Amino acid sequence: MIVDVNVHLSRWPFRRLACDELPKLIEKLHAEGVSQAWVGSFDGIFHKDVDGANARLIADCRKGPPGMLVPFGTVNPTLPDWREDLRRCQEEYDMPGIRLYPTYHGYGPEDPRFTELLGLAKDCDLVVQIVVRLEDVRMQHPLMRVADLDPKPLANALATQPELRVVILDALKTVRGAALNALLAAGQVYVEISMLEGVEGITNLLQHVPVERLLFGSHLPLFLLESALLKLEESELAPAVREAITCGNARRLLDGRGASGK
Amino acid sequence: MEISRQKITRRAVLVGAAQAAVATGMASHARRAPAKELADRHRKYEIWDMHGHLTSPGKTPREKIASLLESADRMGIERVVVFMGYPWSYEPDGDEMRRQNDQVLEAVEHSGGRAYGFVYLNPRHTEACLAEMDRCVRDGPMVGVKLWVAVRCHEQCLDPIVERAVELGIPVLQHTWYKITGNLPGESTADDLAVLAARHPRATFIAAHTGGDWERGIRAIRPFLNVTAEICGGDPTAGFVDMAVRELGAERVMYGSDYSGRSFASQLAKVYGADISEDAKRLVLAGNIKRMLAPVLEAKGGAL
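The listed protein sequences correspond, in order, to chains A and B. Counted from 1, the first sequence has number 143 at position 121 by my numbering; the numbering is strictly sequential. Counted from 1, the second sequence has number 214 at position 192 by my numbering; the numbering is strictly sequential.
By construction, these hints were calculated from the structure, which means they are not laboratory data. These numbers come from a predicted model, not from an experiment.
In the EDC-like style, the derived pairs of lysine to aspartate or glutamate whose C-alpha atoms are separated by at most 16 Å in a straight line are:
1. A:K46 <-> B:D297
2. B:K201 <-> A:D158
3. B:K66 <-> B:E300
4. A:K174 <-> A:E132
5. B:K312 <-> B:E273
A short, non-exhaustive set of chain B residues, derived as facing chain A with CB atoms under 10 Å:
6. H64
7. S89
8. F286
9. A291
The beta carbon of each residue, even a glycine, is placed where N, CA and C say it ideally should be.
Turn these sequences into a full structure, and let the hints steer you where they fit.
Here it is, written out as structure tokens:
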């Protein structure tokens, strides 16, 4: 059983993707043994009508097999009345978490609205997923150049909410070493493997990151699911380690039990 | 949009995950582990990797190639092409070229026949380049040329090198990238390689990274049948190999990993995840490299 914590529904604006239609996405997850995917919506990144995107996300998740697609709605704190979007994610849609795109939505970790959002998410007992990047900054479309999220001020912001459960998405290509350690030390912070690179990357990463903080993420459909799956094979992982990364940690995180690793 | 009153509660999610696993036949006891299926899937291809470096663990070229091959074994990669030594040298002079190529020669010598070397050149130093081609290819075991970021490859100073490569019957692998953040001064784009390829129709070129921005890179090399797209070095973005095979034909697409900066996993995924035929995957993962290198390997008495 695999829980993929980093999947998007809907369309990427600059390219059609093999799994950007729901039936194909579900078929792909099923074929590769992914039994649960935490899904956001590309629409939540690019649409100003965030609640419309979140409503479609909920509707699409209900079209999948029971429990397969877990919705993580978007909240954009630069939009008017964003607190209502957060309220709907929690109260009306009963989502277990939200997904944030600070650099795509034009705010930084020091923004007081971000700090407030983290606090409200903590009060609502929501998991918060924060996207560092969606694609390599060197190859972005000229009409959409977006910088990576700076991990240093992010760690400072997360440290203000040490009990908040946070998953940093798409980080491990660029966030390493001291910056990664600072993020993990800021609270209940997890990372996932979609952008982890280097040969035997998981083995190398586990020399610095507690296994309890590591999750399986693919960045499907922008990335190929096979990439994350093969990383499990490229590193020689003990069965218990593999189980923790592929599903155990994610299930505990969603269940609110968190991780004991530091 | 009307919101269904059906709730997706956290408890329902957790219970549902288990139900989904059972309902779809995905429970771990009910189906083979996906990784095992993947292992079976890639070992059958007898993969050749066109793009590796001596950046693996180890203090010497001998130790580094052993480390590289150990990792390659885990992913079913049978043979590798390696070039450039360590540490990186962006604009090597004659002495540095020799030092870097000596490291590769040592690695190849201790690879048990599983690694092939390409001679690393800086075209600014024509005489030194031609001497290295003689030393490492004509009189040595290397089977290709590697050009990186010293000179943009449309420049005339590449001509003697390419002409010598044609005489020796070896391909020229050129790093190519389009960076919207800005290329290095001597860093080539796939457009630059297209200019060079048009000037040398008898030469065989490999567009390493296919320009990074592969949707542009594929288009740039598309008219030039003497250029093969090599897919390594970028993110495992969906659609790369699909478009390359569609636009160039499977015979002009080639797998490489850019070991060890990238993982074998992310780069192999570009091929495994592509919606192309099994025959096409075999060409990309091994067949095209074997066909390209067969003449020079046979001339050197090597076995495919």
